[in-house]
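**Q** So the chains spell out like this:
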Amino acid sequence: MPERVLKNLRGIGHEVVNGIWRLGYASRFFLLTLARSATSFRRFGLTIKEIYFAGVLSLIIIIVSGLFVGMVLALQGYETLQKYGAAEAVGTLVALSLTRELGPVVAALLFASRAGSAMTAEIGLMKATEQITAMEMMAVDPIARVIGPRFWGGVLSMPLLAAMFSVVGVFGGYLIAVVLIGVDEGAFWSQMQNAVDFRQDVVNGVIKSMVFGVAVTAIALFEGYDAPPTAEGVSGATTRTVVTSSLAILGLDFVLTAFMFKGI
Amino acid sequence: MENLVEIKDVTFSYDVLPVLTGINMTVPRGKVVSIMGLSGCGKTTLLRLIGGALKPRKGEVRVAGRVMHELEQDELYHLRRKMGMLFQFGALFTDLSAFDNVAFQMREHTDLPESMIQDLVLMKLHAVGLRGAHQLMPSELSGGMARRVALARAIALDPMLIMYDEPFAGLDPISLSVIGDLIRHLNDALGATSIVVTHDVQESLKIVDYVYFMSEGVVVTHGTPDDIRRSEAPFVHQFVWGEMDGPVPFHYPGSSYAGDLSLETARA
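Protein chains in written order, with numbering that gives the first Met the number 0: chain A, 0 to 263; chain B, 0 to 267.
Where hints are given, some of them may not hold.
[Unchecked claim] Derived contacts from chain A toward chain B, CB cut-off under 7 Å, selection only:
#1 A133
#2 M136
#3 M137
#4 A138
#5 V139
[Stated by the list, open to error] Some residues of chain B that are not near chain A, with every Cβ distance over 12 Å (derived):
#6 P17
#7 T20
#8 T25
#9 K54
#10 E69
#11 L121
#12 M122
#13 G131
#14 S174
#15 L175
#16 R183
#17 V200
#18 Q201
#19 Y209
#20 A232
#21 G241
[Claimed, not checked] Computed list of chain A residues with no C-beta within reach of chain B, every gap over 12 Å:
#22 R3
#23 R9
#24 I50
#25 V55
#26 L66
#27 E78
#28 E100
#29 M125
#30 L179
#31 P227
#32 T229
#33 V241
#34 L246
#35 L249
#36 T256
No lab work stands behind these hints, which were simulated from the structure alone. Idealized CB from N, CA, C, for every residue including glycine.
When you get a sec, could you build the whole thing from the sequences and use the hints?
**A** Have a look at this one:
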C-alpha cells in the first residue's frame, strides 16, 4: 500500500481514537461535576452568584430577541392565516411556536453564545493564569468550588430564560396582531388559551430548555477546563463551545420533539 | 536536623519526554532551600511533585514523612492545608479583592467567625506591607504588589512548608529586594520551611541556606551559598556569573555558518 494512503489512514485512526478518548474524558468530567455538586447546594450563595452571571446578565439579549421573534411570527402568521380567514388564530400560532420550539431553542442558542462562551473563556483563563492550580494547591477542589456552582447556575437559569423569551415573544405577537393590525383582542387570547395545553406544550417546552441547559453548560465548562493554557487555546475552546452547543441543541431538539410530540 | 522534605531517586517524564532523572534532595525543617537552574531544566516539575500534583515514574517524594504519590485525595488535601505556594505571577483570583484572596483559604477550611477572619487577613496583609491595599482588585495591583498579596495568601493558614515558583520573575529591583526579604523573614517568623525555585542567582544567594543546582533534569551540584559562589564547576560558574558562553552555548546548534552563507560553495 502506498505510504501516502497509509499516512492518511493513520491520520483518520488517530482522529477517531482522539475523539473517543475526549468523549470519555468529557463524560468523566460530567460525572465528577454531578458527584461533587453538594457544595453548590450546601453553599447556595455560590450558585446564586452564577445564576446572576449566566441568567440575569443574559436577560437583555433574551428579552430583545424574544420581542422581535414574537413580532415577526405575528407578521408572518397573519399574512398566511388571513388568506384562509383565520386571522384570529395568529395568537395560537405565536404561542405554540414559542412554547414548543422557538422559546427553548432560540433562548438556548442565545444562552450558548452569551453565557456559554463567557463560562469557557473564564475557566480557560483561570487555568491559563494558574488560578485552578492555585486552588488545588490550597486543598480546594476546583470541580466542587468553581465548576459545580457554574453548572447548576446555568442549568437553573436556562428554563427561566426560555420562559421569559416565550412570554416576551407572546407580548410581541400581541403588539403586532392586536395593537398594530387590529385583530380582535378577545379572539387572540381565547384561541391561544384553548389551543395551548399546559402539559403537552408548556411542560414539554420547560423539559426541553432544562435538557439544553445541561448540554450547553456542560459543554461550556468542559471546553474551558480542557482548554490549552494559551491565548490561542482559550480562543479555540470558546469557538468550540458555541459550535458544539449549537449543534447539540438542534440535535437534541429533534430527538426530544420526536419523543414528545409524535408519540415515538 | 529533621528533614521536612525528602526526595529519593525521583525520575519523571511527560509521556516519553524525560524531565527528571534520579533526583535526590533533602530540605531540613526551618531552612530556606533554593533550587536553581536554567528555564526548562525541571525545577517547576519538581515543585509540583513535592506538592503532590504529579506522580514520579520512579522513586518517592516524602513531605513530613508521608509519601506524596501514595496519598488518597482526602489525605493529600489535608496535607496541602499545611503547605503554601506562591506562583510565578501570583495566580490571584481575579474576581476577588486582595482581602478576599487572602481570606479564601480561611473561609474554605475553617469555621472562624468573619470578625476574626477580618483581623487575621489584615495581619497577613500588614506582614507584606499591603494592609492599606486590602480593598483593591488584582487588576489594580502592580506586579510586585500582586506577588506580595499572593505571598500573604500563601501564609494565610501558617503553613509548615512554603513553596515559591520563580518569585522574582519580572520584578523591578525594589520589589525584588522586598520579596527576597519577605521570604527570609516570614520563614523565620512562622517557623516554616521554604523551597525557592528560581534562576535569579544574586537575590536568592542572599537569602537562602542551601542551594541545589539542576541542569537537564539532574542535580549537578549543591552546597551553601558560599560554596556556590566559590564553585569552579564550569556550568555553575557560567550560571552564577552570567557568562555568555560556556557549557550552555550562546549559539543554538545548527549547520555550519559558512555553509549557510554559501561561502564554502563560493570558495570551491
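**Q** Against this structure, judge whether each hint is valid.
**A** Taking the hints in turn, this is what the structure says about them:
1. A133: Hint on A:A133: holds, closest Cβ of chain B at ~4 Å, below 7 Å.
2. M136: Since chain B brings a Cβ to about 5 Å from A:M136, closer than 7 Å, the hint holds.
3. M137: With Cβ-Cβ at 5 Å, under 7 Å, it holds.
4. A138: holds, 4 Å
5. V139: For A:V139, the interface hint holds, since the closest Cβ of chain B sits about 5 Å away, which is under 7 Å.
6. P17: holds, 22 Å
7. T20: holds, 24 Å
8. T25: Label holds. Min Cβ-Cβ 22 Å, cutoff 12 Å.
9. K54: Holds, since 14 Å exceeds 12 Å.
10. E69: B:E69 clear of chain A: closest Cβ-Cβ about 17 Å, beyond 12 Å.
11. L121: holds, 20 Å
12. M122: Given a closest Cβ separation of 19 Å, the condition holds.
13. G131: holds, 24 Å
14. S174: holds, 19 Å
15. L175: holds, 20 Å
16. R183: holds, 22 Å
17. V200: holds, 24 Å
18. Q201: The assertion about B:Q201 holds, with a minimum of 26 Å to chain A.
19. Y209: Holds, since 23 Å exceeds 12 Å.
20. A232: holds, 33 Å
21. G241: Given a closest Cβ separation of 28 Å, the condition holds.
22. R3: holds, 26 Å
23. R9: It holds; A:R9 is separated from chain B by about 18 Å at its closest Cβ, greater than 12 Å.
24. I50: Its Cβ never comes within 12 Å of chain B, the nearest being 15 Å, so this holds.
25. V55: With a cut-off of 12 Å, A:V55 remains clear of chain B, as the shortest Cβ separation is near 16 Å.
26. L66: holds, 32 Å
27. E78: A:E78 is indeed farther than 12 Å from all Cβ atoms of chain B, at 49 Å.
28. E100: Non-interface label on A:E100 holds, nearest chain B Cβ at 36 Å vs cutoff 12 Å.
29. M125: Violated, since 8 Å does not exceed 12 Å.
30. L179: holds, 45 Å
31. P227: About 14 Å separates A:P227 from the closest Cβ of chain B, which puts it past 12 Å; holds.
32. T229: holds, 15 Å
33. V241: With a cut-off of 12 Å, A:V241 remains clear of chain B, as the shortest Cβ separation is near 23 Å.
34. L246: holds, 31 Å
35. L249: holds, 33 Å
36. T256: The claim holds: A:T256 sits with its nearest Cβ about 39 Å from chain B, beyond 12 Å.
In terms of the numbered hints stated before, the structure departs from hint 29 and from no other.
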